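Asks: Chain A is fixed; fit chain B onto it per the hints.
Residue-level listing of the chains:
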Amino acid sequence: MSYVIAEPCIDQQDQSCVAVCPVDCISADPASDRKFYIDPDGCIDCGSCETACPNQAIFRSDQLPPEWARFALVDATWFSDPARARRAVDELLPAA
Amino acid sequence: MTRIATGAAVLDPVRPAGPRALAGGGAPGVFTPNATLVRRLDLTASVARFVVRRDGPAIPHVAGQYLALGIWADGRLLQRPYSTASPPSASGELEFLIRRVPHGALTPRLWELPRGARLRLGSPKGLLTLDPRRDRAAVFAASGTGLAPIISMLAAVLAGPAEACPPRLLVLHGVSYVAELAYRGRLERWAAIHPGLAYEPVISRPGDPLNAGWNGAVGHLDLALDAAWQRHRLDRQRTVTYLCGNPEVIAAATRLLAARGVPPDAIVAERYWTTPNTGPSALDRAS
Chain A
1 MSYVIAEPCI DQQDQSCVAV CPVDCISADP ASDRKFYIDP DGCIDCGSCE
51 TACPNQAIFR SDQLPPEWAR FALVDATWFS DPARARRAVD ELLPAA
Chain B
1001 MTRIATGAAV LDPVRPAGPR ALAGGGAPGV FTPNATLVRR LDLTASVARF
1051 VVRRDGPAIP HVAGQYLALG IWADGRLLQR PYSTASPPSA SGELEFLIRR
1101 VPHGALTPRL WELPRGARLR LGSPKGLLTL DPRRDRAAVF AASGTGLAPI
1151 ISMLAAVLAG PAEACPPRLL VLHGVSYVAE LAYRGRLERW AAIHPGLAYE
1201 PVISRPGDPL NAGWNGAVGH LDLALDAAWQ RHRLDRQRTV TYLCGNPEVI
1251 AAATRLLAAR GVPPDAIVAE RYWTTPNTGP SALDRAS
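One line per chain: the protein sequences are A and B, in this order.
Residue numbers for the first sequence follow the numbering used here, beginning at 1 and rising by one.
Residue numbers for the second sequence follow the numbering used here, beginning at 1001 and rising by one.
Looking at chain A on its own, in the form it has when it is part of the complex (with noise of 0.2 Å):
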């Protein structure tokens, strides 16, 4: 289990997260991305990012709305292929 950033993120990557993030498990390259993800290898499920989210963009993996249950594996890519990831993000909420 870990926690996921899910589409509300996408376009306002506002941060709090990764002030709060006690292992540094959430990233972004911010000349290329329109979100930020979180290392599922990293996350210790401690829920800090998910109370500090203004957007109410993070959750459990597992309490995902299944609209946004692809966004689990969007954030998991991202740290192999952040190139595909960001290709997924583009498909699942075209930019305006």
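Certain hints may be false.
Covered by chain A, per the in silico footprint, the following chain B stretches (three or more residues, Cβ under 8 Å) [to be verified]:
(1) 1059 to 1068
(2) 1078 to 1091
(3) 1125 to 1132
Bear in mind the hints are in silico, worked out from the structure with no lab data behind them.
Predicted model, so just to flag it, every value in this text is computed and none were measured.
Positions of the beta carbon are idealized from the N, C-alpha and C atoms, including for glycine.
Replies: Quick look at chain B alone, frame taken from chain A:
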């Protein structure tokens, strides 16, 4: 974390995307220790103060913040966040108040570490920090090891300029056993020196033989906090309350404060683990 008070977080730089971002300072299969265990001071068999020295210069933290403390175990970096009891200083030493969790992933291993063991310390994080409105009274209520960040904050304000110190400081510490009253001597000394500081420990199991001879306050912390509000005649518009530790105690205390009309922005809370009834925690220490 339930930071309902004011104050913006200082954001860490966003790490660039790479082949794989480093989680907590270490790539898979690589342990990059940056700190050393200096000593462990046992309060009981299951509660101890750990003193850790970071390599190189101290990394500034804000009083009340937490850091991830990690060891190498089973081929991976195993880490959990702990609030430091140390105030910001240049010494590079940080102290943590830790409860050993039976069958936990990390803490039983921490107790096995010898002096000089190498550790991984993360960067300071967290929003349980002093409210900038220093003209307000500050009430600190901690359960168990939740006292650590409060010690850090108190040490910082008592060592700082008088105008930055709240006019009244009330510290309530709730524990099960007298021996778990960490920093009791320090708090009693502070209370003796500083007229505006009151220290009120509370024991929740007064009937236990281990607490024989205790003649101080007894009961649950949330109720003790509620009573203290009345006894000290605190002004709900001129007081900030800091809650730290057991999430159920925090939830109960928050309800009582709300019933007293304390505004949400005057409550700063940090829960140490997750329960189904209280939602996510900031710091899951249950291992």
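Asks: All the hints need checking, so say for each whether the structure fits it.
Replies: Each hint tested on the structure:
no., hint, verdict
1, 1059 to 1068, "holds (count 3)"
2, 1078 to 1091, "holds (count 3)"
3, 1125 to 1132, "holds (count 3)"
The structure is consistent with each of the numbered hints, conforming to all of them.
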